[in-house]
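Visitor: Next come the chains, spelled out residue by residue.
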Amino acid sequence: MASVSDAELKKMSQDERVKALGMTTEQLTGKSLYIEFDPGAEERFIYPWAPVVDFNKRVELDTDKLTTREVNKKIRELMSEGYGTIVLQNPRGKHSLGVGILSKLNLIVEGSLGYFGVGLIDGPNVRINGRVGWSCGENMMAGTVVVEKNAGSTFGAAIRGGDLVCKGSVGSRTGIDMKGGTIIVGGDTGALSGFMMQRGRMVVCGNAGKNLGDSMYDGTIYVGGDIKSLGVDAVEKPLTDLDKAWLTRKLKQYELLPSKGVDHFKKIVAGKQLWNYDNLEPTEKKLIL
Amino acid sequence: MCGIAGLIHRGKSSNVGAEMTSMLMALKHRGPDSTGYALYGEPQDGDYVMRLKVAEAEDMDRGRGIHKVIADRIELVEGILRDHGAKVKSKQNATEYALRYVLTHDGDTADLAKHIEETDGVEILSLGNGLELIKDLGDASDVSSAYNLTSFEGTHGIGHTRMATESDVDIRSAHPYWAFPYNDVSVVHNGQITNYWIMRREMERKGHRFMSNCDSELLAVYTAHNLANGVSLEESLRRSISEIDGVFTYLVATKDQLGMAKDTMAAKPLVLYESDDLIAMASEEVAIRAILPQEIDTYDPYDEEVRVWQA
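For the record, the sequence lines run as chains E and H. Taking the numbering used here, the leading residue of the first sequence gets 1, the next gets one more, and so forth. Taking the numbering used here, the leading residue of the second sequence gets 1, the next gets one more, and so forth.
Calculated from the structure, these hints are not laboratory results. Hints are not guaranteed to be accurate.
Unchecked claim - What follows is a set of in silico ranges between Cβ atoms, one per label pair, in the way DEER data are often shown:
1. Met-1/H <-> Gly-271/E: 35 to 45 Å
2. Asn-213/H <-> Lys-237/E: 49 to 59 Å
3. Ile-241/H <-> Ser-13/E: 52 to 62 Å
For every residue, glycine included, the Cβ atom is placed at its ideal position computed from N, Cα and C.
All chains, please: the whole structure from these sequences, using the hints.
Guide: See the structure below:
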């Protein structure tokens, strides 16, 4: 794939852009998933069509009388007008607010979100001064999300990157199928947290429910409190100095560092008796790594 | 999917009819097929409230003959009431097929209920001192206006919006379920019970009746069986977690209590809000926000969690 400039990409149609970026629109089956890598290609950290926003340009949006669709559309309109700090007022538990934001933005939510809040995001910094329902931050790829109160189940399901933080307690199946990034829970987490986790790190400052890390492939779970039970193929390993340094830095960053430090944390990883990544085809490996 | 909701005011009455309508309207997207309420008014001194249906909503499209059938069934029900020495203090028809009686009765209400249900096409929706159970097809707004629920005063209630998955769209399969013939006990449920037929046969062997093929009815019958045998509501909820298989979250209301239970996987949602004078719970936070718009703290109960609150 030859290198293409952002200016050129902006002029292209969606089809041309997809092809220029090395993606394909054909039906993907079997080995056709293979994509050639060009070591000389420029790395891209932002989407070429992302609006240019100014964090100092702030706007408040009252969501009380708006539907979810209207709020999400309005967020995009405000971003295209250059607003880099958007405050959502009166969300009142609405579902799917702030989903699919693929560029930098400061999003502040004054209240609580329902299901699927800020899912599929790639870059924004989100602060939620309330609680979130099920599946907050699902599939997020980059950015930070900080929830000040409690969260529902499947917090950070299939997260791929970024930091997802809940300062209160969360429900069950936290970080189910997570493929990267960091999930931090200030309180407790429910049953089956880290179920089928593949990569990334999860930190639980409080207690964890039963079957923690069940069928995990890889990744690391740190728990500061009690673990009701470990899941299949989840094993405890000693905490290294590197783990302690990382935990201290991350928890300090979100003001969640316990007064007694991090030495008491337990480290849970995959026993790797059930699954093995190395069984992948070399071409598949290339895509995942 | 289904949506469930419950609320209980501690030590006072409130407009629970309007509050539950707001909560259930917020959950309409979880179940548009039918809506049901179990509301608890101030207990009547020695009086009973009986809600019953004498036909299904769909029967009303079957021509003029249905009016005669309904009139005959009502006459039979009132004959049974007279035979049992029950006096009708008032009678209301919200719809042609749904009736509300206020009765005085000194005898055994379980016997009365069993006798009335021997009448073909007649199902008692609820019987008790405080409970009034209303369910019909349509959303909460439709049912609330048809049955004039916006002015209902009471201490607590549970409600349900149903998405029919394993049985028909009719009133028979709508929630809540009355724990027949146990006065003032009702149940709403979100989930699937996988050992339904095993448990149903066990309950039938013990003499309990089932009016539908809906798995949620099992929870009402199961709860009634436990309560009739002197088991407390909390213990019944706790036992159900190990004795009933499947994924479920359900609420049970009695004359002065409201309880919840969640299965071993915590696979069905429930959000809880607790304060000194009000406890509200629903499948989604948006329903709680419908009656408490101010900023509040809520949380999700964990797997195998059981809670009971007193009115």
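Visitor: For every hint, state whether the structure bears it out.
Guide: Hints versus structure:
1. Met-1/H <-> Gly-271/E: 35 to 45 Å: 36 Å, holds
2. Asn-213/H <-> Lys-237/E: 49 to 59 Å: Between Asn-213/H and Lys-237/E, where Cβ atoms are some 51 Å apart, the hint holds.
3. Ile-241/H <-> Ser-13/E: 52 to 62 Å: 57 Å, holds
The structure is consistent with each of the numbered hints, conforming to all of them.
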